[in-house]
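Top line first, the protein sequences correspond to chains L and X. At position 314 of the first sequence the residue is numbered 391 (our numbering), and the sequence of numbers has no breaks. At position 145 of the second sequence the residue is numbered 222 (our numbering), and the sequence of numbers has no breaks.
Hint data in this document are derived by calculation from the structure and do not stem from the laboratory. Careful: at least some of the hints might be erroneous.
You can't tell identical chains apart in this list, so a pair holds if it fits in one copy or across any two.
DMTMM-like cross-link-like pairs, simulated, lysine to aspartate or glutamate; straight-line CA separation at most 25 Å [said to hold, decoys possible]: (1) K246 / E287; (2) K387 / E362; (3) K119 / E249; (4) K386 / D134; (5) K246 / E222; (6) K195 / D181; (7) K322 / E222; (8) K218 / E237; (9) K195 / D178; (10) K321 / E237; (11) K331 / E345; (12) K246 / D184; (13) K387 / E357; (14) K127 / D253; (15) K130 / E394; (16) K127 / E390; (17) K155 / E341; (18) K351 / D158; (19) K373 / D233; (20) K391 / D366; (21) K195 / D383; (22) K283 / E226; (23) K246 / E390; (24) K331 / E123; (25) K402 / E249; (26) K331 / E157; (27) K351 / E407; (28) K119 / E394.
Number of protein chains: 2
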Amino acid sequence: MKICNTQNNNPTKKLPVMKNYTDVYTEYKKIIDKILSTSIQKQTPETLYKPLKYLLDGGGKRIRPVLLIFACEAAGGKMEDAVNASVAIELLHNFTLVHDDIMDNADTRRGRLTIHNKWNTNVAILSGDHLIGMAYTYLLKTDSERLGEIARTFTDGIIEVCEGQSYDKEFESRKDVTVEEYIMMIGKKTAKMLETSALIGAIIGKGSAEMMLNLKEYSSNLGIAFQILDDLLDITSTEKELGKKIGGDLVEGKKTFILLKALELVKERNDLSKLYYIIEHNGLENNEDEQIAGIKYIFEKHGVIDYAKKEIEKYTERADNSLNKIPGSESRDRLKWFSNMLMSRSF
Amino acid sequence: MKICNTQNNNPTKKLPVMKNYTDVYTEYKKIIDKILSTSIQKQTPETLYKPLKYLLDGGGKRIRPVLLIFACEAAGGKMEDAVNASVAIELLHNFTLVHDDIMDNADTRRGRLTIHNKWNTNVAILSGDHLIGMAYTYLLKTDSERLGEIARTFTDGIIEVCEGQSYDKEFESRKDVTVEEYIMMIGKKTAKMLETSALIGAIIGKGSAEMMLNLKEYSSNLGIAFQILDDLLDITSTEKELGKKIGGDLVEGKKTFILLKALELVKERNDLSKLYYIIEHNGLENNEDEQIAGIKYIFEKHGVIDYAKKEIEKYTERADNSLNKIPGSESRDRLKWFSNMLMSRSF
Numbered sequence: 078m079k080i081c082n083t084q085n086n087n088p089t090k091k092l093p094v095m096k097n098y099t100d101v102y103t104e105y106k107k108i109i110d111k112i113l114s115t116s117i118q119k120q121t122p123e124t125l126y127k128p129l130k131y132l133l134d135g136g137g138k139r140i141r142p143v144l145l146i147f148a149c150e151a152a153g154g155k156m157e158d159a160v161n162a163s164v165a166i167e168l169l170h171n172f173t174l175v176h177d178d179i180m181d182n183a184d185t186r187r188g189r190l191t192i193h194n195k196w197n198t199n200v201a202i203l204s205g206d207h208l209i210g211m212a213y214t215y216l217l218k219t220d221s222e223r224l225g226e227i228a229r230t231f232t233d234g235i236i237e238v239c240e241g242q243s244y245d246k247e248f249e250s251r252k253d254v255t256v257e258e259y260i261m262m263i264g265k266k267t268a269k270m271l272e273t274s275a276l277i278g279a280i281i282g283k284g285s286a287e288m289m290l291n292l293k294e295y296s297s298n299l300g301i302a303f304q305i306l307d308d309l310l311d312i313t314s315t316e317k318e319l320g321k322k323i324g325g326d327l328v329e330g331k332k333t334f335i336l337l338k339a340l341e342l343v344k345e346r347n348d349l350s351k352l353y354y355i356i357e358h359n360g361l362e363n364n365e366d367e368q369i370a371g372i373k374y375i376f377e378k379h380g381v382i383d384y385a386k387k388e389i390e391k392y393t394e395r396a397d398n399s400l401n402k403i404p405g406s407e408s409r410d411r412l413k414w415f416s417n418m419l420m421s422r423s424f
Numbered sequence: 078m079k080i081c082n083t084q085n086n087n088p089t090k091k092l093p094v095m096k097n098y099t100d101v102y103t104e105y106k107k108i109i110d111k112i113l114s115t116s117i118q119k120q121t122p123e124t125l126y127k128p129l130k131y132l133l134d135g136g137g138k139r140i141r142p143v144l145l146i147f148a149c150e151a152a153g154g155k156m157e158d159a160v161n162a163s164v165a166i167e168l169l170h171n172f173t174l175v176h177d178d179i180m181d182n183a184d185t186r187r188g189r190l191t192i193h194n195k196w197n198t199n200v201a202i203l204s205g206d207h208l209i210g211m212a213y214t215y216l217l218k219t220d221s222e223r224l225g226e227i228a229r230t231f232t233d234g235i236i237e238v239c240e241g242q243s244y245d246k247e248f249e250s251r252k253d254v255t256v257e258e259y260i261m262m263i264g265k266k267t268a269k270m271l272e273t274s275a276l277i278g279a280i281i282g283k284g285s286a287e288m289m290l291n292l293k294e295y296s297s298n299l300g301i302a303f304q305i306l307d308d309l310l311d312i313t314s315t316e317k318e319l320g321k322k323i324g325g326d327l328v329e330g331k332k333t334f335i336l337l338k339a340l341e342l343v344k345e346r347n348d349l350s351k352l353y354y355i356i357e358h359n360g361l362e363n364n365e366d367e368q369i370a371g372i373k374y375i376f377e378k379h380g381v382i383d384y385a386k387k388e389i390e391k392y393t394e395r396a397d398n399s400l401n402k403i404p405g406s407e408s409r410d411r412l413k414w415f416s417n418m419l420m421s422r423s424f
């Protein structure tokens, strides 16, 4: 399967039934958005509920909650039974965004000011903490005989996400991070949350141990592919599509997949001077288009971009293979569409 | 009942059976300490698990976990059944300490450097987040048919503690906080965590609705008394007993019970100039002993200290009255001893 269209083409092209699935996705997203926008009923304390309302009205792709519902359906369950848990996983995801933005000094998110920037760090810390409480509140509304298992799976997700973010921050000040370590880190920071979504969906849908294993493999591989694509798009996308200047990760000195892979692959040290500069100085001093274009040229010349695309395909195929192990159904096809849709994005 | 010995006398004096109960308290504390000290098994990521190990080896009074176990026993349950939940509540308490210390710029805690001070703010944010995950991990080990109810009670605790801390931070920049608002705030910030402990203990002990109500009343009143005493000791204790300079709250401009009550009670505005200075300037410029002694003198002269002691007695009596509503037993007496012990502390 050919995926990962990093050019500006229509991601629906190769997926004939997508229209249908897009409608379902849009419908579920709307349900989640509606619950999120009414989840804050209190007005005071103002420094807690104003930022939370601002955040939860801010939109988002709602990938994790939709995955949770799709997984529930694939396991034989109903959407209605998974809605509260899906809201919970989105709230948990938002908690990670709010706290990560503090740590990364991010000024904007989804085109709007971050909470710590619009208010202050204390407000952002407390908003994030409160989101964890809100997340469990919704999760624990789930009507399931396996509520303990659901809550434990959710909690394992929190633990690993914290580990992943800790590694990510550690890597920022290390000059010798390997690609292997990077994959381990994104496994915890990005993939684990997708895995948690799929697993909880499967439990609510009363999935068997085998179903759970396959959905776990599907979502964790999807998560790795998703993050490598994210890293790749930082340099192969356009400013218009990305909604921000390309090469931002390089400027900030992030240890992304392509940067680490380039350092591992490329033997001509001469060509790497700019990359070593990023490693040594923890980023670039300014974001000049020529500079980024130059680095992109090096990546292309040495096949790093192609390598990344192949890795994305590898993990996406692994995800699809896991899906193929579960009995054929409309909901299985929908999950297949879902991963293809995520991997076809160009922004 | 006369409680609240703010002088340096022996708090056990009026409690003939205390020795026995002290032993039980010490034994339970040891069990909790042991679990906490072995709760961190992983070594990496180092910037997550080193600070957590440092924190959880740092000791503490373990008031909340012991209260949880005592409440479980009072409801008819066994200590063993409540141990995991008691560790959970202590971990949750530690989460609030780590994040509050960031917000309050606190350099030390329990005589040791705070995490954000010893490491940095990012490490402290992540350590706190992780503690919530750890807390749920232990909580969800609890073997109870009412696990959903236990987890929901725990989650309600998190929500209110975040609200309480938000109010506390809001009050810092407000000049018109009332005593009533203050009581509402400590109800959420301090009392709610004791209430959560007692309620979860009662659920594990299979307590009836009536038992739960009485233990809830007991612990929330105890929590209010506990916090007012804390505020009072900041000025009536000694540096030796407190382990830090007295008057710290005044220096930091905290809106404590005695400060707010003084502003409400005292009519001679002349005497209040120093207090207005604290409100206007959000604290005192330096911590000179004469200055603090002067303020203490004003508090004493206008009966604010006595008023605070009476309030502490009032809430402690309410707590005791709630206890009297539950059937007499050794474990009820132990809870009575527990509140008296807490209220007799002079540090």
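**Message:** Reference check for the pair K331 and E123, CA-CA at most 25 Å: within, between, both, or neither?
**Reply:** Only across copies: K331 and E123 sit 19 Å apart there, 35 Å inside one copy, limit 25 Å.
**Prompt:** Is it within a copy, between copies, both, or neither that the alpha carbon of K246 lies no farther than 25 Å from that of E222?
**Reply:** Answer is neither: 39 Å inside a copy and 41 Å across each miss the 25 Å cutoff.
**Intra- versus inter-copy proximity for E394 and K119 (alpha-carbon distance at most 25 Å)** = Classified as neither: same-chain Cα gap 46 Å, cross-chain 33 Å, threshold 25 Å.
**Asked** At most 25 Å between C-alpha atoms: does K127 with D253 qualify within a copy, between copies, both, or neither?
**Response** between (42 Å within a copy, 21 Å between copies)
**Message:** When Cα atoms must be at most 25 Å apart, do K387 and E362 count as within-copy, between-copy, both, or neither?
**Reply:** neither (31 Å within a copy, 63 Å between copies)
**Message:** Regarding K402 and E249, is the shortest C-alpha distance of 25 Å or less found within a copy, between copies, in both, or in neither?
**Reply:** For K402 and E249, neither the intra-copy (39 Å) nor the inter-copy (59 Å) Cα distance is at most 25 Å.
**Asked** Is it within, between, both, or neither for K246 and D184, if the alpha carbons may be no more than 25 Å apart?
**Response** This pair counts as both: shortest intra-copy Cα distance 18 Å, inter-copy 23 Å.
**Message:** With identical chains, the pair K283 and E226 could be close in the same copy or across copies; at 25 Å between alpha carbons, which is it: within, between, both, or neither?
**Reply:** both (12 Å within a copy, 22 Å between copies)
**Request:** Could you figure out if K386 and D134 sit no more than 25 Å apart (CA to CA) within one copy, between two copies, both or neither?
**Result:** Classified as neither; 34 Å inside a copy, 47 Å across copies.
**Prompt:** Is it within, between, both, or neither for K246 and E390, if the alpha carbons may be no more than 25 Å apart?
**Reply:** Neither, since 27 Å and 49 Å both go past 25 Å.
**Message:** Cα distance capped at 25 Å. Does K218 pair with E237 within a copy, between copies, both, or neither?
**Reply:** Both. Shortest intra-copy (23 Å) and inter-copy (18 Å) distances satisfy the 25 Å Cα cut-off.
**Prompt:** Given identical chains, is K119 near E249, meaning Cα to Cα at most 25 Å, within a copy, between copies, both, or neither?
**Reply:** between (39 Å within a copy, 21 Å between copies)
In summary, the structure is inconsistent with hints 1, 2, 4, 5, 7, 10, 13, 15, 16, 17, 18, 19, 20, 21, 23, 25, 26, 27, 28 from the numbered list given earlier, while agreeing with the others.
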